[in-house]
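Trainee: Using the hints, position chains U, D and G against chain V.
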Amino acid sequence: MQAHEIVTTILLALGCLVSMTGAYGLLRMPDFYTRLHTAGKTDSLGQFLIFLGLVLVTPDLLTQLKLIAVAMILMIAAPTATHAITKAAHLHHLRPWTKGDPGGEP
Amino acid sequence: MSWVYLATAVVLLVGMFMILIRAIAGPTVYDRILATNALGTKTIVFVTLLGYISGRTEFIDMAIIYALVSFITTIAILKFAEMGRLD
Amino acid sequence: MTDVLGIYNYWIYVVLMMIGLYGVIAKPNLIKQAIALGLFQTGIFLYYISMAVIDGGTAPIWTTIEDGAQKFQGPYDNPLPHVLILTAIVVSVSVLAVALALIINIKRSYGTIEADEIERMDHEDRLIEYRAGQAPDAADDAEARHHA
Amino acid sequence: MTAVVLIDTLLLLLVTVTAVAIIEVRNLYASAMLTSVYSLLMALVWVNMHSMDVAFTEAAVGGGISTILLIGTLVHTAREEKPLKRRVHGKALALTALCGAALIYGTFDMPRFGDPKAPIHHFRVPEMMAQTVGFANSTAGKQAPPAGFDPLEYRSFNGAVPSVPVDPADTAWRETSVLAQHGIMLPKVNGHALHPAEPGHHLHPPDDFNGHVPNSVTSLLAAYRGYDTMFETTVIFTAGVSLILLLRRPRREGYLQRSAPLADQAILRVVSKMAIPFILLFGLYVITHGELGPGGGFQGGVVVACAFILFALIFGRPALYRVLPPPVCDLLTGLGVLMYSGTGLACLLLGGNFLDYAMLDPISPGDGEALGMTLVEYGVGITVSMVMLTIFNQLAEERSK
Chain V
2 MQAHEIVTTI LLALGCLVSM TGAYGLLRMP DFYTRLHTAG KTDSLGQFLI FLGLVLVTPD
62 LLTQLKLIAV AMILMIAAPT ATHAITKAAH LHHLRPWTKG DPGGEP
Chain U
30 MSWVYLATAV VLLVGMFMIL IRAIAGPTVY DRILATNALG TKTIVFVTLL GYISGRTEFI
90 DMAIIYALVS FITTIAILKF AEMGRLD
Chain D
37 MTDVLGIYNY WIYVVLMMIG LYGVIAKPNL IKQAIALGLF QTGIFLYYIS MAVIDGGTAP
97 IWTTIEDGAQ KFQGPYDNPL PHVLILTAIV VSVSVLAVAL ALIINIKRSY GTIEADEIER
157 MDHEDRLIEY RAGQAPDAAD DAEARHHA
Chain G
42 MTAVVLIDTL LLLLVTVTAV AIIEVRNLYA SAMLTSVYSL LMALVWVNMH SMDVAFTEAA
102 VGGGISTILL IGTLVHTARE EKPLKRRVHG KALALTALCG AALIYGTFDM PRFGDPKAPI
162 HHFRVPEMMA QTVGFANSTA GKQAPPAGFD PLEYRSFNGA VPSVPVDPAD TAWRETSVLA
222 QHGIMLPKVN GHALHPAEPG HHLHPPDDFN GHVPNSVTSL LAAYRGYDTM FETTVIFTAG
282 VSLILLLRRP RREGYLQRSA PLADQAILRV VSKMAIPFIL LFGLYVITHG ELGPGGGFQG
342 GVVVACAFIL FALIFGRPAL YRVLPPPVCD LLTGLGVLMY SGTGLACLLL GGNFLDYAML
402 DPISPGDGEA LGMTLVEYGV GITVSMVMLT IFNQLAEERS K
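Residue numbers (our numbering), protein chains in the order written: chain V, 2 to 107; chain U, 30 to 116; chain D, 37 to 184; chain G, 42 to 442.
Hints should not be assumed to be uniformly reliable.
Between beta-carbon pairs, the in silico distance windows are [what the hints assert, rightly or not]:
no.: 1; chain 1: V; residue 1: L66; chain 2: D; residue 2: I80; range: 31 to 41 angstroms
no.: 2; chain 1: U; residue 1: I50; chain 2: V; residue 2: M76; range: 22 to 32 angstroms
no.: 3; chain 1: G; residue 1: V58; chain 2: D; residue 2: R156; range: 32 to 42 angstroms
no.: 4; chain 1: D; residue 1: I164; chain 2: G; residue 2: P291; range: 39 to 49 angstroms
no.: 5; chain 1: D; residue 1: S145; chain 2: G; residue 2: R128; range: 26 to 36 angstroms
no.: 6; chain 1: D; residue 1: I164; chain 2: G; residue 2: P124; range: 24 to 34 angstroms
no.: 7; chain 1: U; residue 1: R114; chain 2: G; residue 2: P291; range: 13 to 23 angstroms
no.: 8; chain 1: U; residue 1: I50; chain 2: G; residue 2: R128; range: 17 to 27 angstroms
Under 8 angstroms between C-beta atoms, here's a sample of chain D residues computed to sit facing chain G [what the hints assert, rightly or not]:
no.: 9; residue: L41
no.: 10; residue: I48
no.: 11; residue: F76
no.: 12; residue: A88
no.: 13; residue: I90
no.: 14; residue: P96
no.: 15; residue: L138
no.: 16; residue: I140
no.: 17; residue: S145
no.: 18; residue: I149
Everything labelled a hint here was simulated from the structure, so no lab data went into it. In this text, a Cβ means the ideal position worked out from N, Cα and C, and glycines have one as well.
The shape of chain V in the complex, shown without the other chains:
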């Protein structure tokens, strides 16, 4: 294994870890806003790390550019979607979970 491949492996592992954290949080958090909190952030970071790792092992420039393009689209589109979801939920008076509410304890 060469140096850049090791870096890629580390980046992919980190990306996996972040993504898994997000997925686990989405499963276990007590209410919508907390789930949003975990899923929204980890998604962007996780995909970015993985794409960065893949760019390092790609030999040809066009593919690298495409990878960066996908990462950028996701970096813009995913937070926009998350923002819109939050706004819609807020406008519909979805109440955040507070300590002591029933059914929320993980």
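Mentor: This is chains U, D and G only, laid out in the frame that chain V set:
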């Protein structure tokens, strides 16, 4: 090197399974939308990884399509949730 | 083990098709039925695409590197099922669209999209027509159904 | 166990779970959302089986358009299913179990997954895989390969065909080539440099595609199944027409409707404004690039339609009608089908068969093939995108009572 991609892909699949449970169970509509959106992102990463597993980099075109289409779908779902109509 | 994995895909295709069939039969909601038809179709797509795979194969797109040599020497997957399914998917969305338009029209004239309610309303309409002594054909039909 | 099988096994489990959930969830809105998830997962399955064009289509159609259409229908109907008395329909379950058992019994006779000896890989397809542009159209022997012609040799071509000379100017090899020995005419070489390492290249003249369309799915779609694809396009056209017949209101009503744009949400508006030109450009790229990589008219058309739908979602349908009035949309729908059949007719008039693209450029048949396929792909793309847009518009217009 390919086992690294494969391991990443399998871990992502496990993550997708967790998100899928949320998408099916999700008590409110917004939970479901959120889970759908998160699944979309995971799918895009997964497609790219599949390209690297099989050594075909053309798969990235598909990742771009997924990114754009899942964004549009999320907007449509949201608009219906928010306004009750699409146009 | 390899034997099971060898036909695993075909089992899943059967399972998907049967889930779709169950939905079409068991769910009276017309939109659900349209979705279930889609599932049924996807099962068939899975069957076709599974047949196209070759061990160690790659996507049927010839790629050349710069000096004209071929980059992928291995066998290519069978492209013919891909072609069949490619068009079938687009046709399936057309079918879905027409089905949904019909469902909207049904909702407009019946006020509901539940198949059993629609059937009951039809039946009642025909009974009323029968009692009014109109539309003899429809009345016969309704009577036959009433007795059945 | 290969990587393909491992991922396939796991993905199909996910797919099955989703399918059960789609049927069993009572909320139709959730069901529509899960349909989009299902399509994305299914697209992953296709990608894993190297079926890129199908995955492209499934992602664009299933993940995008059909979810939007389902939601567009839910606007006019109910969000919830009527509660059922019994959760499980016993008779249906018994019937499907019986039917499924019979089908599963049948699968035991199927060739194993990925078996290279399966009949499907050996009947007709090897000849089609060895199909070479220009050559295929100018020979009589294409339908029936001669005895001794081994298609598998072309299929698993290893770049070392002994009959190919190193010197490109030396054309004596054509006399000794496999096909010439079987009495099949070889096309002329126009002085281009040869690429001996191309599969089957020693059999045909060099041209744009180095002798064959790289994406064999597109070449089969436009050439081998050309008539079929034309009528599939017509089917889609018919779907658009029936949507218009079923749902269209007097035109003035559609224009004057009030809509609920999302344009007051600054972030959404700005991001969409940035995204729409990019999506349109990418759609055109997918249509044009169809012969070289994954993609083609069907996929690209759907992507283009998605861009317009996003515009309608954000800025309202009246704004879309100002950009692309419904009459123009209707005209373009027909134009696409006309373009497809017109290409076929042009080939006919130039002296070939219907959809015999090589006739479009008599000097270099491969270039004619490229031109014809591009025209056909554009025809398909225009029809598909406009029909999808029409369907969306009609479902949305229905709102006005």
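Trainee: Each hint: holds or not?
Mentor: Okay, the hints, checked on the actual structure:
Checked against the hint of 31 to 41 angstroms, the pair V/L66 and D/I80 passes, with Cβ atoms roughly 38 angstroms apart. Take U/I50 and V/M76: their Cβ atoms lie about 27 angstroms apart, and the range 22 to 32 angstroms holds. Under the hint 32 to 42 angstroms, the C-beta atoms of G/V58 and D/R156, about 35 angstroms apart, fit the expected range. With their beta carbons about 33 angstroms apart, D/I164 and G/P291 fall outside the hinted range of 39 to 49 angstroms.
In this structure, D/S145 and G/R128 meet the distance hint of 26 to 36 angstroms, their C-beta atoms being roughly 30 angstroms apart. The supplied range of 24 to 34 angstroms is met by D/I164 and G/P124, whose beta-carbon atoms lie about 28 angstroms from each other. For the pair U/R114 and G/P291, the supplied restraint of 13 to 23 angstroms holds, since their beta-carbon distance comes to about 20 angstroms. A hinted range of 17 to 27 angstroms holds for the C-beta pair U/I50 and G/R128, which are about 20 angstroms apart.
At a threshold of 8 angstroms, the smallest CB-CB gap from D/L41 to chain G is about 6 angstroms, leaving the interface hint in force. Residue-level restraint check for D/I48 holds (minimum Cβ-Cβ distance to chain G is 4 angstroms; threshold 8 angstroms). Of the supplied interface hints, the one on D/F76 is violated, with its beta-carbon coming no nearer than about 10 angstroms to a beta-carbon of chain G, more than 8 angstroms. A hinted interface residue such as D/A88 counts as satisfied when its beta carbon comes closer than 8 angstroms to some beta carbon of chain G; here the least separation is about 7 angstroms, so the hint holds.
A least Cβ separation of about 5 angstroms between D/I90 and chain G falls short of the 8 angstroms threshold, and the interface hint therefore holds. For D/P96, the shortest C-beta to C-beta distance to chain G is roughly 5 angstroms, which falls under 8 angstroms, so the interface hint holds. The criterion of a C-beta within 8 angstroms of any C-beta in chain G is met by D/L138, whose closest approach is roughly 7 angstroms, and the hint holds. For the restraint placing D/I140 at the interface with chain G, the shortest Cβ-Cβ distance is roughly 5 angstroms, inside the 8 angstroms limit, so the hint holds.
With 8 angstroms as the threshold, the beta carbon of D/S145 stays out of range of chain G, its nearest partner Cβ sitting at about 12 angstroms, so the hint is violated. With a least beta-carbon distance of about 5 angstroms to chain G, the hint placing D/I149 at the interface is held under the 8 angstroms criterion.
Checked against the numbered hints listed earlier, the structure breaks hints 4, 11 and 17; every other hint is satisfied.
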